[in-house]
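When we follow my numbering, the leftmost residue of the sequence shown carries the number 13, and every step to the right adds one.
Please keep in mind that the hints were generated in silico from the structure rather than gathered at the bench.
We put the CB at the ideal spot given by N, CA and C, even for glycine.
One or more of the hints may lead you astray.
Said to hold, decoys possible - With a straight-line Cα cutoff of 30 Å, these simulated BS3-like cross-link-like pairs (lysine-lysine) come out:
1) LYS17 / LYS42
2) LYS17 / LYS107
3) LYS47 / LYS90
4) LYS17 / LYS117
5) LYS17 / LYS110
6) LYS107 / LYS90
7) LYS47 / LYS17
8) LYS110 / LYS47
9) LYS107 / LYS47
10) LYS42 / LYS117
11) LYS47 / LYS117
12) LYS17 / LYS90
13) LYS42 / LYS90
14) LYS42 / LYS107
15) LYS90 / LYS117
16) LYS90 / LYS110
17) LYS42 / LYS110
18) LYS107 / LYS117
Stated by the list, open to error - Using C-beta positions, here's what the derived DEER-type ranges look like:
19) ILE51 / ASP111: 33 to 43 Å
20) GLU36 / LYS110: 19 to 29 Å
21) CYS58 / ASN82: 26 to 36 Å
22) SER95 / CYS58: 16 to 26 Å
23) SER95 / ASN28: 17 to 27 Å
24) LEU39 / ASN82: 16 to 26 Å
25) SER109 / CYS67: 30 to 40 Å
26) ASP56 / VAL84: 18 to 28 Å
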Amino acid sequence: MNEEKLEEYLETVINNSLADYAYELYLNIKSTMRKNGFIVDIPDACFSYDSFMYCFDRGQHYFECEIFINGVVEFFYKNRATSELWGEDSWVENKLSKDVIEKLKIFSVSA
């Protein structure tokens with residue numbers, strides 16, 4: 013999925029505030045990673061009636077960001093080879109934590 017298709021997809025989400033939160037988080041991820049010297053992969057995306065999810069999948073690594081209609085974000089990471097699990101809750105408007113940035117580096121290339 014490229015960035016243009018992602019934007020088109022977000023426009024189809026029924027709940028506008030959820031789409032706004034999803035797009036705000038995407039821009040936050042993109043700009044934060046750029047400031048840290050990385051270009052993050054374009055995630056897969058899907059939505060339900062009360063949440064929107066970005067998924068990053070690369071080999072043994074899986075990372076998702078689930079955004080809820082109240083602005084809460086649940087980050088989740090799994091390493092399929094080691095069974096390592098990690099998670100963190102936050103709010104869309106918060107800065108990304110160091111742990112989230114470290115996980116996103118797995119799905120990024122140097123700028």
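Now the hints, each set against the structure:
no.	hint	verdict
1	LYS17 / LYS42	holds, 16 Å
2	LYS17 / LYS107	holds, 25 Å
3	LYS47 / LYS90	holds, 25 Å
4	LYS17 / LYS117	holds, 23 Å
5	LYS17 / LYS110	holds, 29 Å
6	LYS107 / LYS90	holds, 22 Å
7	LYS47 / LYS17	holds, 24 Å
8	LYS110 / LYS47	holds, 13 Å
9	LYS107 / LYS47	holds, 12 Å
10	LYS42 / LYS117	holds, 11 Å
11	LYS47 / LYS117	holds, 12 Å
12	LYS17 / LYS90	holds, 26 Å
13	LYS42 / LYS90	holds, 21 Å
14	LYS42 / LYS107	holds, 12 Å
15	LYS90 / LYS117	holds, 14 Å
16	LYS90 / LYS110	holds, 17 Å
17	LYS42 / LYS110	holds, 15 Å
18	LYS107 / LYS117	holds, 16 Å
19	ILE51 / ASP111: 33 to 43 Å	violated, 20 Å
20	GLU36 / LYS110: 19 to 29 Å	holds, 20 Å
21	CYS58 / ASN82: 26 to 36 Å	violated, 19 Å
22	SER95 / CYS58: 16 to 26 Å	holds, 24 Å
23	SER95 / ASN28: 17 to 27 Å	violated, 39 Å
24	LEU39 / ASN82: 16 to 26 Å	holds, 19 Å
25	SER109 / CYS67: 30 to 40 Å	violated, 19 Å
26	ASP56 / VAL84: 18 to 28 Å	holds, 21 Å
The structure is inconsistent with the numbered hints 19, 21, 23, 25, although it conforms to all the rest.
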